[in-house]
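Trainee: Using the hints provided, position chain R relative to the given structure of chain S.
Chains as they are written, first to last, in our numbering: chain S, 1 to 290; chain R, 1 to 600.
Read the hints as simulated data drawn from the structure, not as lab findings. Here the structure is a predicted model, which is why all the values come from computation and not from measurement. From the three backbone atoms N, C-alpha and C, an ideal C-beta is built for every residue, glycine too. Just so you know, not all the hints are guaranteed correct.
[Said to hold, decoys possible] Straight-line Cα separation of at most 25 Å, DSS-like style, residue types lysine-lysine; simulated pairs: (1) S:K44 <-> R:K385; (2) S:K44 <-> R:K485; (3) R:K481 <-> S:K48; (4) R:K300 <-> R:K385; (5) R:K485 <-> R:K225; (6) S:K61 <-> R:K481; (7) S:K61 <-> R:K385; (8) S:K262 <-> R:K513; (9) R:K485 <-> S:K48; (10) R:K485 <-> S:K61; (11) S:K61 <-> S:K48.
[What the hints assert, rightly or not] Residues of chain R clear of chain S, computed beta-carbon distances all greater than 12 Å: (12) K36; (13) T102; (14) H117; (15) L338; (16) A345; (17) T366; (18) I395; (19) L406; (20) G410; (21) I468; (22) K540.
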Amino acid sequence: MRFLPVLLIIILAPLLGGLITKIKNNLRMRQGQSIFQPYYNLVKYFNKEEVVSGTSSWIFKMAPFAIFASSLAALFYMREFLALIFIFALGRFFLSLAALDTGSTFGGMGSSREMFISSLSEPVACLACFAVSLQNGSTDLLAWKSLPLANTSALIAGVALFLVMIAETSRIPIDNQETHLELTMIHEAMILEYSGRSLALIEAASYIRQMIWLLIIAQVLLPLTDPVGISGSQWLLWSCWYAARIVIVAAVIALLEIAVAKMRLFRAVDFFGFGFVLAAIAVLCAVLGY
Amino acid sequence: MSDPLSLFFLATILIVTIPSFVYSIGYLKKEYSPKKILLGQILTFLFVLSMLAVVTVSNMLAFLIAWEIMSLVSYFLVVFDSEHEKSIQAGTIYVVMTHAGTAFLVAAFLLLYQHTHSFDFNLVKVASQTIPVHTRNIIFIFLLIGFGTKAGIVPLHIWLPYAHPQAPSHISSMMSGVMIKTAIYGLIRFIIYLLGVNDTWWGTLVLILAIISCLVGIIYALMEKDIKKLLAYSSVENIGIILFGVGLSMYFMSKNMSYWAVFALIAGLYHLINHAIFKGLLFLCAGSVYKAAGTRNMEKLGGLIRTMPITAACFLIGAMGISALPPLNGFVSEWLTLQAFFMGAWHTPGTDKLFLGFCAAMLALTSGLAAACFVKAFGITFLAKPRSSYAEKAIESPVSMRFGMLFLAGLTIIFGLGAAVIINILSRVAGASLGIDTSAMVFSVNNITIHPLAGNAMSLSPLTMALILVLCGLLGWIIYKVYRKRAISYNTWDCGYYRLDARHEYTATGFSKPLRIAFSFFLRPYRTTKKSGESFYHIKSMTYETHTTPVFKKYIYKPVLAITFKSAKFMRRIQPGSIHVYLAYIAITIFVLIILIRKF
Numbered sequence: 001m002r003f004l005p006v007l008l009i010i011i012l013a014p015l016l017g018g019l020i021t022k023i024k025n026n027l028r029m030r031q032g033q034s035i036f037q038p039y040y041n042l043v044k045y046f047n048k049e050e051v052v053s054g055t056s057s058w059i060f061k062m063a064p065f066a067i068f069a070s071s072l073a074a075l076f077y078m079r080e081f082l083a084l085i086f087i088f089a090l091g092r093f094f095l096s097l098a099a100l101d102t103g104s105t106f107g108g109m110g111s112s113r114e115m116f117i118s119s120l121s122e123p124v125a126c127l128a129c130f131a132v133s134l135q136n137g138s139t140d141l142l143a144w145k146s147l148p149l150a151n152t153s154a155l156i157a158g159v160a161l162f163l164v165m166i167a168e169t170s171r172i173p174i175d176n177q178e179t180h181l182e183l184t185m186i187h188e189a190m191i192l193e194y195s196g197r198s199l200a201l202i203e204a205a206s207y208i209r210q211m212i213w214l215l216i217i218a219q220v221l222l223p224l225t226d227p228v229g230i231s232g233s234q235w236l237l238w239s240c241w242y243a244a245r246i247v248i249v250a251a252v253i254a255l256l257e258i259a260v261a262k263m264r265l266f267r268a269v270d271f272f273g274f275g276f277v278l279a280a281i282a283v284l285c286a287v288l289g290y
Numbered sequence: 001m002s003d004p005l006s007l008f009f010l011a012t013i014l015i016v017t018i019p020s021f022v023y024s025i026g027y028l029k030k031e032y033s034p035k036k037i038l039l040g041q042i043l044t045f046l047f048v049l050s051m052l053a054v055v056t057v058s059n060m061l062a063f064l065i066a067w068e069i070m071s072l073v074s075y076f077l078v079v080f081d082s083e084h085e086k087s088i089q090a091g092t093i094y095v096v097m098t099h100a101g102t103a104f105l106v107a108a109f110l111l112l113y114q115h116t117h118s119f120d121f122n123l124v125k126v127a128s129q130t131i132p133v134h135t136r137n138i139i140f141i142f143l144l145i146g147f148g149t150k151a152g153i154v155p156l157h158i159w160l161p162y163a164h165p166q167a168p169s170h171i172s173s174m175m176s177g178v179m180i181k182t183a184i185y186g187l188i189r190f191i192i193y194l195l196g197v198n199d200t201w202w203g204t205l206v207l208i209l210a211i212i213s214c215l216v217g218i219i220y221a222l223m224e225k226d227i228k229k230l231l232a233y234s235s236v237e238n239i240g241i242i243l244f245g246v247g248l249s250m251y252f253m254s255k256n257m258s259y260w261a262v263f264a265l266i267a268g269l270y271h272l273i274n275h276a277i278f279k280g281l282l283f284l285c286a287g288s289v290y291k292a293a294g295t296r297n298m299e300k301l302g303g304l305i306r307t308m309p310i311t312a313a314c315f316l317i318g319a320m321g322i323s324a325l326p327p328l329n330g331f332v333s334e335w336l337t338l339q340a341f342f343m344g345a346w347h348t349p350g351t352d353k354l355f356l357g358f359c360a361a362m363l364a365l366t367s368g369l370a371a372a373c374f375v376k377a378f379g380i381t382f383l384a385k386p387r388s389s390y391a392e393k394a395i396e397s398p399v400s401m402r403f404g405m406l407f408l409a410g411l412t413i414i415f416g417l418g419a420a421v422i423i424n425i426l427s428r429v430a431g432a433s434l435g436i437d438t439s440a441m442v443f444s445v446n447n448i449t450i451h452p453l454a455g456n457a458m459s460l461s462p463l464t465m466a467l468i469l470v471l472c473g474l475l476g477w478i479i480y481k482v483y484r485k486r487a488i489s490y491n492t493w494d495c496g497y498y499r500l501d502a503r504h505e506y507t508a509t510g511f512s513k514p515l516r517i518a519f520s521f522f523l524r525p526y527r528t529t530k531k532s533g534e535s536f537y538h539i540k541s542m543t544y545e546t547h548t549t550p551v552f553k554k555y556i557y558k559p560v561l562a563i564t565f566k567s568a569k570f571m572r573r574i575q576p577g578s579i580h581v582y583l584a585y586i587a588i589t590i591f592v593l594i595i596l597i598r599k600f
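This is chain S alone, in the form it adopts within the complex (with noise of 0.2 Å):
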């Protein structure tokens, strides 16, 4: 019974992502690619060869699957925060090692770039998850639930939460996922080496992280009970409206990606420093009973 929603969320994270592109380019007022596209890309990379730099080292090769491992071992700790953000920085630490093996300098740049934006996003997403936990005593943010609106505290927690997955995700402002663009570009620069089956698997890996903090702040955003005690229709409807909460959330990432321009790195410095006094409010309003 654990693994169904776990294999659910596998399954679909890939069409998470092309829902988003799709969404982006509708309203650039272009037709853009399939819903599926994610699909096709992943069995295209897992049927080519691959090239792998010779000056790599072994950290090149296992790093895709320490990527993919903790993402997938996210799926089995979205009960505790804590412990979510620690496994993702395991996927990143070997991201970021995986970038500076090949002695690029555009996987130097990724890697630094990484490291400097998931510092400074960890303490809003820890404060961010301290204003809920003061709501019910526990780190476990899916457990929040009381009505189908979140309150003041947990309502601006979740828009901090928001920002860190803007970085999480690497989406704009703070990173790009549509460019190659050196200048620019974080996520992209770090997996620039990697082709054939071990790209497959750190996309992936991307996809399933970004399905879990779609699922987390749709949570917090617009809490939702489990679906104890309840049969048939009344079960069905729940199952839409979980859905159509993820795709909420996704519809305004997309909305965001097409109404902001990328951000200047160092700017990410005030992106964060807004989150922070956001968690921090959110706090505020936890403690006085908001």
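Mentor: Leaving out everything else, chain R in the frame of chain S:
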């Protein structure tokens, strides 16, 4: 003393010093003459003995004597490479700072004696409750300064990045891994155990110092390109993390939240032994690199993972541990510390929650920066192509050195996976130090809230986590193997340039550039550019250097030193060099003492 606290520190000391000692056999060989090696080993032996004495004696006078022997012997070890100018300088800074700290300890002990009329720990503990409040506060501050100097709490950390890297590597590993922990022992023994914590501001002050130490330590570590200095600054940061646990425990103790006080102290002690293990390990690895490549400058290293595979693997494990990556030991202790903040804050009434939340966020920032720091340390030193001919010629270390590293690397993993057992042991240590009966409390990582508080169960088992991680990785590997496609080896993408070499790699300085800019308000970076050539338009060579301003040295220590020298110059006037004047001084002193004797 043979209570759990002393036994715990005894174990911590032995766990690190034994592998370091084995390591030293290979490390010292061929570097020094046999006579000097013998001298070094005798000093090391004395050093370990004095540390063992510090944590086991039960009398304040004996403690001071052991403390002083430890400081002096470690001074001789710091200046072991006495032909280097830098060693002498580092040793001088160390010996001055450590004695300034000891002076505060002596003052604190005398104050304790004045009110309790005893030097014995147990008698002092009984009588300490009768000490008036303001004296207690003074004793607390003196103890904090005295032990803080040894522990390297910012701004008293100034000696640490000089002294630790300058000593031979096995000594660095003992100093950073163990010696600075004896100061934490002192804090727990004298403040928590002997004095007892009644005031909330004590814990708050320690927490604020913890935040400052963590951030300053890790930011300086990030800027460093000398690998041993980087590790020394990282020790300052980790002392901060340990102080988070200790300070939080004091905070909860003063609020009568005994369960959370025990829990926070467990987290602090857990990180203490973890840091002893992985920092010991990392210094040993850095020592092997230094011995093999002849330089500690990371900009000249690189590619060592091919020539020194075991050192690289051990350093990677240590780096993962210190970056708090699951399922290794650093992750468990940092997670526990964060949980102590979260859970404790939930049970604390009012606006104190805001402060605790802020502390937790700063801890998270530290752990993020630490991960960045160790990606840099490992990535630049061991990966990609060698950046110099020294690094190209490096060879793997001898067996005895590998044994020392592998042993500590194994412990890093064991202390992560065996968290449930260790936490149970630590609960007894913490309970005994705080004077709380923990037999009714059940602690394990699997479920940290069984007794006596119900609800909000938070479970985590590093063993299960490791299993899940390995299985998921294995699944990835199986998927990878199912698609049997060719993998060919080719050059790194070089934009069609065809001459990618080590000079195109990212450097340690380049890696930390974004953070240098982000923290420029504190680091105050500056550049010096020198051009030389026939004219402005025809430049033959150019040197470019970037530095950061050492804020504490410039704004605190330099002025203090200047004042000291100035006053010394002034005082010199009373020293005319004539014996008659000195005889007169002696006579006057005796008279004054005779007059004052009745006052005391």
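Trainee: Are the hints correct? Go through all of them and say.
Mentor: So, going through the hints one by one against the coordinates:
1. S:K44 <-> R:K385: violated, 32 Å
2. S:K44 <-> R:K485: holds, 12 Å
3. R:K481 <-> S:K48: Given pair R:K481, S:K48 holds - Cα atoms ~13 Å apart, limit 25 Å.
4. R:K300 <-> R:K385: Status holds; Cα separation ~11 Å.
5. R:K485 <-> R:K225: Given that 25 Å is the threshold and the Cα spacing comes to 41 Å, the pair is violated.
6. S:K61 <-> R:K481: holds, 13 Å
7. S:K61 <-> R:K385: holds, 16 Å
8. S:K262 <-> R:K513: holds, 20 Å
9. R:K485 <-> S:K48: Holds, at about 7 Å.
10. R:K485 <-> S:K61: holds, 15 Å
11. S:K61 <-> S:K48: holds, 16 Å
12. K36: With a cut-off of 12 Å, R:K36 remains clear of chain S, as the shortest Cβ separation is near 37 Å.
13. T102: holds, 37 Å
14. H117: The assertion about R:H117 holds, with a minimum of 46 Å to chain S.
15. L338: Given a closest Cβ separation of 6 Å, the condition is violated.
16. A345: violated, 7 Å
17. T366: About 9 Å separates R:T366 from the closest Cβ of chain S, which leaves it inside 12 Å; violated.
18. I395: Holds, because the least Cβ-Cβ distance between R:I395 and chain S comes to about 17 Å, which exceeds 12 Å.
19. L406: holds, 18 Å
20. G410: Answer for R:G410: holds, closest chain S Cβ roughly 20 Å.
21. I468: violated, 5 Å
22. K540: Label holds. Min Cβ-Cβ 26 Å, cutoff 12 Å.
When held up to the earlier numbered hints, the structure conflicts with 1, 5, 15, 16, 17, 21 and fits the remainder.
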